[in-house]
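Asker: In order, the protein sequences belong to chains A and B.
146 is the number that the working numbering gives the last residue of the first sequence; the numbers go up by one with no jumps.
473 is the number that the working numbering gives the last residue of the second sequence; the numbers go up by one with no jumps.
Among the clues, some could well be false.
To be verified - If the Cβ cut is set under 7 angstroms, some of the chain B residues that face chain A in the computed set are:
(1) 281
(2) 290
(3) 367
(4) 368
(5) 373
(6) 378
(7) 381
(8) 392
(9) 398
Claimed, not checked - Label-pair distances were calculated between CB atoms; the ranges are:
(10) 50/A with 342/B: 50 to 60 angstroms
(11) 250/B with 76/A: 50 to 60 angstroms
(12) 342/B with 9/A: 34 to 44 angstroms
(13) 279/B with 73/A: 33 to 43 angstroms
(14) 315/B with 73/A: 50 to 60 angstroms
These are computed hints drawn from the structure, not numbers from a lab.
Backbone N, C-alpha and C fix where the C-beta goes; we use that ideal spot for every residue, glycine too.
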Amino acid sequence: MLGTYPSVVVRVVGAILVPFMLLFGVYIIAHGHYGPGGGFAGGVFLAVGAILPRMTLSPELAYRIFPTWVGPLVGGLGMMLFLLVAVAPLLVGGAFLDYGAIEVAGMAASRVRYLGILLVEIAVGLAVFGALLLIFDVLTDAEDVAGELTPAANREEVRR
Amino acid sequence: MIEALDIALFLVLIVAAVLALVAKDLLTAVGMLTAYSLFVSLLFAGVSAVDVSLVEAALGAGITGLLLIAAILATTRRSEPRPDPRRRYVVLPLVGLFLALMLYAATGLPDRGDPDAPAQLGVSQVFISQSLEDTETPNVVTSLLADYRSQDTLGETLVILTAALSAAMVLVRRRDKDDHDGHGAGDTGHGDDHGAAADDSTTGNTAEQAADDGAPVADRTTRTSSTPTAGDGAHTGGGEAR
Chain A
-13 MLGTYPSVVV RVVGAILVPF MLLFGVYIIA HGHYGPGGGF AGGVFLAVGA
37 ILPRMTLSPE LAYRIFPTWV GPLVGGLGMM LFLLVAVAPL LVGGAFLDYG
87 AIEVAGMAAS RVRYLGILLV EIAVGLAVFG ALLLIFDVLT DAEDVAGELT
137 PAANREEVRR
Chain B
232 MIEALDIALF LVLIVAAVLA LVAKDLLTAV GMLTAYSLFV SLLFAGVSAV
282 DVSLVEAALG AGITGLLLIA AILATTRRSE PRPDPRRRYV VLPLVGLFLA
332 LMLYAATGLP DRGDPDAPAQ LGVSQVFISQ SLEDTETPNV VTSLLADYRS
382 QDTLGETLVI LTAALSAAMV LVRRRDKDDH DGHGAGDTGH GDDHGAAADD
432 STTGNTAEQA ADDGAPVADR TTRTSSTPTA GDGAHTGGGE AR
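The shape of chain A in the complex, shown without the other chains:
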């Protein structure tokens, strides 16, 4: 499943597709206010954009674009961003997750809530991306997921 795919057609098409998949993921996350989508679906597209290189390109390249530590790191950052957005209204006397309570000069409460929704969607997208990438990496036995390095000989074998 992992590693360089034998067919050059698949490799080239995969490599060309990846940036567009990532862009589409970002679009889905950012466009949730006006159309179908949101953090969840967008995060899935981002994760697929990171997984496709692992399945088609050479491991050296694929794991350089998205190293295995990206999954847990980005997932945790997304969750942290969500919690920060959730707690921020408490500091100004609002309720938990009540973004409208934050007063920003020259901005209506509805606008603040709009931005709060955007931040939450981004956070969810990052968390979903990280979680799915992490699951894929541990399932396919990618090395040093938990900061644990395997001997080089074993690593080569696993990567093939």
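Dock chain B against the given chain A, drawing on the hints supplied.
Answerer: What follows is chain B alone, placed relative to chain A:
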């Protein structure tokens, strides 16, 4: 939605589900499940639930199949026959009973899009009418998920991340050199070796495989500690998967 298309989609859905259950080759079963998700997402789109449809198409028809294939490559590709065929005489009536109960309950459901349905009479009216004013967000689903009901989304995100971390904790093990308990060999051989053995051992083995953590770890230890032929075998398996 066009009624004939609706019915056709449901029929295809049921066929795909049954095929996924019957298939001996697990890769076929995964393909059928993916098709199932795709048709479900079409049905969702048909009732104007575009957000759900998109998530179902991306998650169910996309990455779930990918993760399942990864799991199959890490374990085994063939599904084992049920150890005790008499089990179906207990299970089938129960399934039939459940189905009858669900169909009976479905007769009491309000029609699709009924404005007097209980779900439409509560706070959802406020959400729908106030969303644009409150949050400047035309898509009510997004403002519901990320604003009105954002605590649900918070919990949901926590669940996903926790699930991923748990999977990592279960699957990432230090590669102990002497972790052989004969299970890795049992993966390929016990189907014909213990064919005449007592029922107990067979059920024990399947239960361990269903536990989902014993098999991959055992398989991995055999793969990493043995000769490159094991790695080559895994590689050809990957070729077939594509």
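Asker: Compare the structure with each hint and give your call.
Answerer: Hints, verified against the model:
1. 281: 4 angstroms, holds
2. 290: 5 angstroms, holds
3. 367: 4 angstroms, holds
4. 368: At 5 angstroms from the nearest chain A Cβ, residue 368/B passes the 7 angstroms test, so the hint holds.
5. 373: With a closest approach of 4 angstroms, the residue 373/B hint holds.
6. 378: 5 angstroms, holds
7. 381: Hint holds; residue 381/B Cβ to chain A Cβ min 5 angstroms, cut 7 angstroms.
8. 392: Where the cut-off is 7 angstroms and the nearest Cβ of chain A is about 5 angstroms from residue 392/B, the hint holds.
9. 398: Holds: closest Cβ of chain A sits about 5 angstroms from residue 398/B, inside 7 angstroms.
10. 50/A with 342/B: 50 to 60 angstroms: Distance hint for residue 50/A, residue 342/B holds at roughly 55 angstroms.
11. 250/B with 76/A: 50 to 60 angstroms: 52 angstroms, holds
12. 342/B with 9/A: 34 to 44 angstroms: 41 angstroms, holds
13. 279/B with 73/A: 33 to 43 angstroms: Cβ of residue 279/B to Cβ of residue 73/A: about 36 angstroms, so the range 33 to 43 angstroms holds.
14. 315/B with 73/A: 50 to 60 angstroms: Since residue 315/B and residue 73/A have Cβ atoms about 54 angstroms apart, the given range 50 to 60 angstroms holds.
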